[in-house]
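Make a model of the complete structure from these sequences and hints.
Residue numbers (the numbering used here), protein chains in the order written: chain A, 1 to 848; chain B, 1 to 257.
Simulated from the structure, these hints should not be mistaken for laboratory data. A hint or two may mislead.
Derived lysine to aspartate or glutamate pairs resembling DMTMM-like cross-links, with alpha carbons at most 20 angstroms apart [as the list claims (entries may be wrong)]:
1. A:Lys276 <-> A:Asp297
2. A:Lys322 <-> A:Asp107
3. A:Lys512 <-> B:Asp257
4. A:Lys322 <-> A:Asp131
5. A:Lys556 <-> B:Asp257
6. A:Lys641 <-> A:Asp808
Keep in mind it's a predicted model, so treat the numbers as computed, not measured.
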Amino acid sequence: MTVLERASILPEPFTRWFASRGWRLRAHQLELLAKAQAGRSVLLIAPTGGGKTLAGFLPSLVELSGAAQAQERPAERRRRISMGREARRAGGLHTLYISPLKALAVDIARNLEAPIAEMRLPIRIETRTGDTPTSKRQRQRRDPPDILLTTPEQVALLLASADAPYLFGALRRIILDELHALVTSKRGDLLSLGLARLFRLAPHLASIGLSATVAEPDDLCRFMVPQDQPGGSRADLIMAEGGAAPHVVMLDSREHLPWASHSARYALGEIYALIKAHRTTLVFVNTRSQAEGIFQDLWHINDDNLAIALHHGSLDVAQRRKVEAAMTTGRLRAVVCTSSLDLGVDWGDVDLVINVGAPKGASRLLQRIGRANHRMDEASEGVLIPANRFEVLECRAAIEAIAENAQDTPAPRIGALDVLAQHVLSCACGAPFHSDELYAEVTTAAPYAQLARADFDAVVDFVATGGYALKAYECFARIRRGKDGAWRVANPNVAQRYRLNVGTIVEADMLKVRLLRSRASKMIPRGGRLLGQVEEYFVETMVPGDTFVFAGEVLKYEALVEEEVYVSRTTSEDPKVPAYEGGKFPLSTYLADRVRAIISDPQAWRQLPEQVREWLEIQKWRSQVPGRRELLVETFPRANKSYLVCYPFEGRLAHQTLGMLLTRRLERARLRPLGFVANEYALAVWGLGDVALRIARGELSLAALFDEDMLGDDLEAWLAESALMKRTFRNCAIIAGLIERRFPGKEKSRRQVTISTDLVYDVLRSHQPDHVLLRAARADAATGLLDVRRLGEMLSRIKGRIVHKALDHVSPLAVPVMLEIGREAVYGEAAEALLAESEEELVREAMQ
Amino acid sequence: MRAGGTAAYSRASGDPALFDEQPVSPLSPGRADDEIVLAGTTLIADRFGALYWPDEKLLLVADLHLEKGSAYAARGVLLPPYDTTATLARLAQLIGRYAPALVIALGDSFHDGGGPARLPQPSRSALMALQRGRDWIWLAGNHDPDPARNIGGRFAEVIVLGALTLRHEPSADPCDGEIAGHLHPLACIAQRGCAVRRRCFATDGRRLVMPAFGAYAGGLNVRDGAVVSLFGALSFTAHMLGERRLYAVPAARCLPD
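Here it is as structure tokens:
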């Protein structure tokens, strides 16, 4: 493109406005504008600070300003808008912006208002989120703005209304922000189905995707446009020039590196020194309890009273917004945060990102570090703080990957059937549909491009009458096929119910935490300051008087009143640590491979801290170091028990599943396994039978023990009772609309109306194991909480490559996982053992 | 599970005796762990959630809630329509195990008044087959207060047999030898930071509340006031239903909701 052509595509008010700011359009911004004006869909991949957002909106702003000038004067336009209820414009929306975070949508809208006002553009821009008042939402449907900023869930809701053809019929552009984050979950599936529908409703629609660097941009290019050509269709790709490479180092601590800790408490002084030496620091951690812990500890040593704040997904929204606002105005020196701050508007002042604990994935780490210094020409500064020795290896692998600019974002999803069920109901709520047409539309969504017609029909059958082989519910159908062959909702209640249950995010049942007001009597006064929310199952394990850390304070559990947890402040020094989850990504397959490569290559050890090098040297001498493609299995006796430790490096979830299946097999082999413990790198199983002896006698083969066939009957048997599988099923049942979500304020009646999905799972599994919801849950289990697919890939990788070391005692490499025994809570899979233990404890008490 | 990257699972704290095929409860030496003595009468508490009275060849079940699935379906929640089949199949197993001369269902046998009419023909046949060769009594429940047609058996409000009184809703006053249902007791324990929740029998040796038997029947925590007030205090035991046996846990050790 010549300079002249470039100049000509930007209208005069824009050139003047840019000039007045001393700004110049970057090459990728111009290129995007040109392609968009030519009617192309475009994916822009640019590093943070690359002016992505402005680039994304520019085509719409230019187009809308031009259209206004050509067609009508702004004053007339405004008058028409204010003509009241019946005044429907011919148009509807021009541009739809979709963000994974509602807060981001709101911030972006605010940022756009300035240029629109300064250039006096006749453009109306509005947001629509779950927080938007009903009156405004109704008005938006009647009288839509030019540009609407919203979330995938709101798009689904708008599509389910009879207004959809009017609202979206003239839609020209859809902007998908943070697309890399949206496509990795069921929200991405829902969005893809919404896109397919939008492209059908709006014949002139083109999309703009904005994304951080990913491993396969092609996957995103397909996601953004309808897959209606043989061989697939793709959006054009623009890769912005990379900014300065980030500067990432691992903390070279002078302190003793822990074997198995997750707290990184050893490095606290060094973290504090780093905060002190920088303007503003983001301290990322992997879990909410780590965030609470580090935040507490930092304030213990905060002699300079630095403004250090806390931010995670369980804190009250108002509290989080307050922290974000303080951050924006530069009033904070540091924020300890979880993935809750992975995305969001740019904070120019952040000059350091500290990542505490395992990086888990190279791309994810790179995006976090990109949160520092949102100027492309300056390098982002990142410091990695491993919490233990294994994490040193993972940090090293991540630093090398970043240096090579290697990406490990996940592979594209196969569209989930439970999300499809929600979408089918949504379509029926909007307007009657014909199966053939809807199937054709759905398969233009990239995740559903390979969807079989039989599966689609099974989903429609599920939406209609539950999809049961036993046809008992014809009279209770939610959607019915009319004489014209079109499916319609059976009654208005169905649509009402759909609207309450839309979305794919199923939170664990949460309880509000309130600070108890001082009380005179034994009565608990209602109300009190809201601190945030904790998972119900965490509260279930506490009794009044227990202490825990939450919202940066040590709190005492006082009472549970009407589904709210009342707490008081306490001075207890030894709180029970909160067990609530958050941010448990498994180690990426890519990083795992690099970690194995580092361990297996003594040459590479030179890059590692002295303590870690020594640890691996002793391992090499005492046992051996695992090869890159091998599976090392160590056996040793300890305290009258026989231990088996293996090192798959496939992440805790896959190891946990492996542990479940191995103990089943060992039990069958009469080796009397007693338990197992898994971490990100290793798995330890122990029992009464002597595994090493059986192997030596040729009575037990490790190849057979680790054979892929464990994913057959053993997996099936375990899934029948697995609490993790039941949780997976519950999510599918809620998303698909089989059972309803719980709503704040309605909990009181829920015990009467809601039904335990565990009971439903048991009954369905034994009577119709191929039901569409069980298939959906099974597909989730492959990648979700059970990570079965990854386990399968590992078993196939190590086939014929198992190396057994029979040792006299524990090896250095086994120490970290062995230290977890007894320290970690038992997971919900061992209910029977827990019951027995509980009873047994009483016996001990009674006998003393 | 604590957040932080590891998970653990343990079959037991290490006592090998716990892994014998037929574990013996250490709580009750000399007595099989499935026995409950109520007002001097020895009953077998089955891990399926039924009581068997050997001397009378009597099998007791409570709160079958048959056709709960279809009751929900009528309100737009299309639960799998297999709950009645599942409940009757378990009942058939019990009847096979004990060969009772008399079966008494302690009320709420159907989820609602329309349940008996909605009962699909195969289930009705299965129910009739279970009744063949034995007596069958439906006690009145709050969900099914009136006798229903075409479900066989006889109908009664309350039954007194020896030292025992059988009724659906537990009486508010102390009542020695009463066996009731209605409350669907379940107990929750926490061990190593992990909660386990199971249906249970609740008894203090004087009166007893049975767990619900129906496949879709929910539960009420035994620490709820409605259960505790029956016993006057936390002086009762929850016999929690396990996979192979029952587990006896004092109410004081059970967690409230």
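Okay, the hints, checked on the actual structure:
1. A C-alpha spacing of about 15 angstroms is found between Lys276 of chain A and Asp297 of chain A, which places the hinted pair at or below 20 angstroms, so the restraint holds.
2. For the hint pairing Lys322 of chain A with Asp107 of chain A, the CA-to-CA distance comes to about 14 angstroms; that is within 20 angstroms, so the pair holds.
3. For the hint linking Lys512 of chain A to Asp257 of chain B, the alpha-carbon distance of about 15 angstroms falls within 20 angstroms, and the restraint holds.
4. Of the supplied pair hints, the one linking Lys322 of chain A and Asp131 of chain A holds, its CA atoms being roughly 17 angstroms apart against a limit of 20 angstroms.
5. Taking the CA atoms of Lys556 of chain A and Asp257 of chain B, the gap is near 17 angstroms; set against the 20 angstroms cutoff, the hint holds.
6. For the hint linking Lys641 of chain A to Asp808 of chain A, the alpha-carbon distance of about 12 angstroms falls within 20 angstroms, and the restraint holds.
The structure fails none of the hints (numbered hints given earlier).
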